[in-house]
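*Asks:* The listed protein sequences correspond, in order, to chains A and B.
Per this note's numbering, the very first residue in the first sequence carries number 1; after that it's consecutive.
Per this note's numbering, the very first residue in the second sequence carries number 1; after that it's consecutive.
The set of hints was computed from the structure by calculation and includes no laboratory data.
Every residue gets a Cβ at the ideal spot worked out from N, C-alpha and C, and that includes glycine.
One or more of the hints may lead you astray.
[What the hints assert, rightly or not] Subject to a maximum C-alpha distance of 30 Å in a straight line, what follows is the list of computed DSSO-like cross-link-like pairs (lysine-lysine): (1) B:K93 x A:K44; (2) B:K2 x A:K44; (3) B:K42 x A:K83; (4) A:K62 x B:K67; (5) A:K11 x B:K42; (6) B:K93 x A:K15; (7) A:K11 x B:K100; (8) A:K78 x A:K44; (9) B:K100 x B:K67; (10) B:K110 x A:K11; (11) B:K42 x B:K2; (12) A:K71 x A:K11; (13) A:K62 x B:K2; (14) A:K71 x B:K93; (15) B:K67 x B:K2; (16) B:K70 x A:K83; (17) A:K83 x B:K67; (18) A:K83 x B:K56; (19) A:K71 x B:K42; (20) A:K78 x B:K56; (21) A:K71 x B:K70; (22) A:K62 x B:K42; (23) B:K100 x A:K71; (24) B:K70 x A:K44; (25) A:K78 x B:K2; (26) A:K78 x A:K15; (27) B:K110 x A:K44.
[Stated by the list, open to error] Now the stretches of chain A that chain B is said to cover, found in silico as 3 or more residues with beta-carbon under 8 Å: (28) 10 to 23; (29) 44 to 55.
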Amino acid sequence: EAGVAQSPRYKIIEKRQSVAFWCNPISGHATLYWYQQILGQGPKLLIQFQNNGVVDDSQLPKDRFSAERLKGVDSTLKIQPAKLEDSAVYLCASSVGYEQYFGPGTRLTVT
Amino acid sequence: QKEVEQDPGPLSVPEGAIVSLNCTYSNSAFQYFMWYRQYSRKGPELLMYTYSSGNKEDGRFTAQVDKSSKYISLFIRDSQPSDSATYLCAMSKLTGGGNKLTFGTGTQLKVEL
């Protein structure tokens, strides 16, 4: 069974630029999550989708972050404009039941 | 105060040692408890999953949950160099709409030859 796919794996941008991350969940997983993991910390949930509807986006900085999940499968997370403090690994996960499976993440560096 | 507290380590042990990793939490609504292993530059990988209190064993790994003390543990027996990674505890509440995980900061473990 293929795992959660994410791209790109690495991205370096300057502050105030925009960036987008892509995620393809495990086939058949209706729930998709985006997490932010800052160096030395555990992942923090940004947004959770159930099919293509948002379940929880309470910790998403909506002035600069946006996410969508088209047709209930792939998802895109966008940051515009980026700030230095957005430097982190962005993890996508999908689940069936209570077990979440994570992708390899996208490491973002904002200079 | 953070909802989930975890000693970041690093923890260094010799090969073959028994490793004990722990987390405490403050929110009594947490019902599901997980341990994830994260290798450098990889995503977290689910190791163990426990509902409510009790013990669960899987090979060299044992997870314990003590809800009365709000304390969870992961034991690794006969530790191997391949166990060197960061171990993250995570927990969630029973919710109708999904499974929001709250993570600890992770404990970095190194098993030395």
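*Asks:* Could you grab the alpha-carbon distance between K71 of chain A and K70 of chain B and see if it respects the 30 Å cut-off?
*Replies:* Between K71 of chain A and K70 of chain B the Cα gap is close to 40 Å, so the pair fails against 30 Å, i.e. violated.
*Asks:* Hey, K100 of chain B versus K67 of chain B, does the alpha-carbon distance stay inside 30 Å?
*Replies:* 19 Å, holds
*Asks:* Straight-line Cα separation of K93 of chain B and K44 of chain A no greater than 30 Å?
*Replies:* Answer holds: K93 of chain B to K44 of chain A is near 15 Å, not above 30 Å.
*Asks:* Please work out if K42 of chain B and K2 of chain B have their alpha carbons no farther apart than 30 Å.
*Replies:* Cα-Cα ~25 Å, so holds.
*Asks:* Quick one, are K71 of chain A and K93 of chain B close enough, alpha carbons at most 30 Å?
*Replies:* The given pair, whose Cα atoms are some 28 Å apart, holds under the 30 Å limit.
*Asks:* Hint check: K42 of chain B vs K83 of chain A, CA-CA at most 30 Å. Holds or violated?
*Replies:* 24 Å, holds
*Asks:* Below or equal to 30 Å on CA atoms is what counts here, so check K70 of chain B against K44 of chain A.
*Replies:* Status holds; Cα separation ~21 Å.
*Asks:* Taking 30 Å as the top limit, are the C-alpha atoms of K110 of chain B and K44 of chain A close enough?
*Replies:* The hint holds at about 24 Å.
*Asks:* CA of K62 of chain A to CA of K67 of chain B, is that 30 Å or under?
*Replies:* 35 Å, violated
*Asks:* Verify the proposed pairing of K110 of chain B with K11 of chain A, using a straight-line Cα cut of 30 Å.
*Replies:* 29 Å, holds
*Asks:* Sort out whether K11 of chain A lies within 30 Å of K71 of chain A, counting only the CA atoms.
*Replies:* 26 Å, holds
*Asks:* Straight-line Cα separation of K11 of chain A and K100 of chain B no greater than 30 Å?
*Replies:* 27 Å, holds
Against the hints set out earlier in the document, violations occur for numbers 4, 6, 16, 17, 18, 20, 21 and 28.
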